[in-house]
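The numbering of the sequence shown is my numbering, which starts it at 3 and goes up by one.
It is worth saying that the hints were derived from the structure and are not from the lab. A hint or two may mislead.
What the hints assert, rightly or not - Each computed SDA-like pair below joins lysine to any residue, with the alpha-carbon atoms no more than 20 Å apart:
| id | residue 1 | residue 2 |
| --- | --- | --- |
| 1 | K31 | D13 |
| 2 | K31 | T4 |
| 3 | K8 | Y20 |
| 4 | K31 | Y58 |
| 5 | K8 | I69 |
| 6 | K9 | L26 |
| 7 | K31 | N48 |
| 8 | K8 | D91 |
| 9 | K31 | S56 |
| 10 | K8 | V42 |
| 11 | K9 | D91 |
| 12 | K8 | I23 |
Claimed, not checked - DEER-style ranges, computed between Cβ atoms:
| id | residue 1 | residue 2 | range |
| --- | --- | --- | --- |
| 13 | T64 | V42 | 13 to 23 Å |
| 14 | S30 | D80 | 27 to 37 Å |
| 15 | L75 | R35 | 35 to 45 Å |
| 16 | V71 | T47 | 25 to 35 Å |
| 17 | T4 | V79 | 27 to 37 Å |
Here the structure is a predicted model, which is why all the values come from computation and not from measurement. Yeah, the Cβ is synthetic: ideal placement off N, Cα and C, and Gly gets one too.
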Amino acid sequence: MTPILKKSRLDEASPSSYRPISNLTVISKLLERLVSRQLVAYLETNHLLPTTQSGYRRGHSTETATICVLSDLLDAVDRGDTSALVLLDLTAAFDTVDH
């Protein structure tokens, strides 16, 4: 594992400012990729992933998560419901996942 600083302006003394980068052999990387593809295919085929999950999914990002939240808010307004959004920060949403 090699620690890499997430952003240059972060505190270099804080361990949470780093992301782990694994140094694997080619065979390990291939095996990891194969297992990952099979696992994701299984989870999607059996509908075991929430439809609103955007992290680590092909075709999903913080942009799709933001669009989903905006859509939910606009739907609530159209229905005449009261809705509010408080402190939603998606700038590093997928950096906080415990690997």
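Can you confirm whether the C-alpha distance between K8 and Y20 stays at or below 20 Å? Answer holds: K8 to Y20 is near 5 Å, not above 20 Å.
I want to verify a distance hint. Is the separation of the beta carbons of S30 and D80 within 27 to 37 Å? Hint violated: Cβ distance 50 Å, outside 27 to 37 Å.
Is K9 within 20 Å of L26, Cα to Cα? Judged against 20 Å, a Cα distance of about 23 Å means the pair is violated.
Pair hint K31 and D13, alpha-carbon separation not exceeding 20 Å: 31 Å, violated
Take the C-alpha atoms of K31 and S56, compute the straight-line distance between them, and say whether it is at most 20 Å. Measuring from Cα to Cα gives roughly 23 Å; hence the hint is violated.
Check the hint pairing K8 with I23 against an upper bound of 20 Å on the C-alpha distance. Cα-Cα ~11 Å, so holds.
Holds or violated: K31 with T4, Cα cutoff 20 Å? Roughly 16 Å between the alpha carbons, so the hint for K31 and T4 holds.
Is the hinted range of 25 to 35 Å satisfied by the C-beta distance from V71 to T47? 27 Å, holds
Per the hint of 13 to 23 Å, is the separation of the Cβ atoms of T64 and V42 within bounds? Because 19 Å falls inside the window, the suggested range holds.
CB of T4 to CB of V79, is that within 27 to 37 Å? At 47 Å between Cβs, range violated.
Holds or violated: are the alpha carbons of K9 and D91 at most 20 Å from each other? Holds, because 17 Å separates the two Cα atoms, which is no more than 20 Å.
Sort out whether D91 lies within 20 Å of K8, counting only the CA atoms. 17 Å, holds
Figure legend: structure checked against the earlier numbered hints; hints not met, in rising order: 1, 5, 6, 7, 9, 10, 14 and 17.
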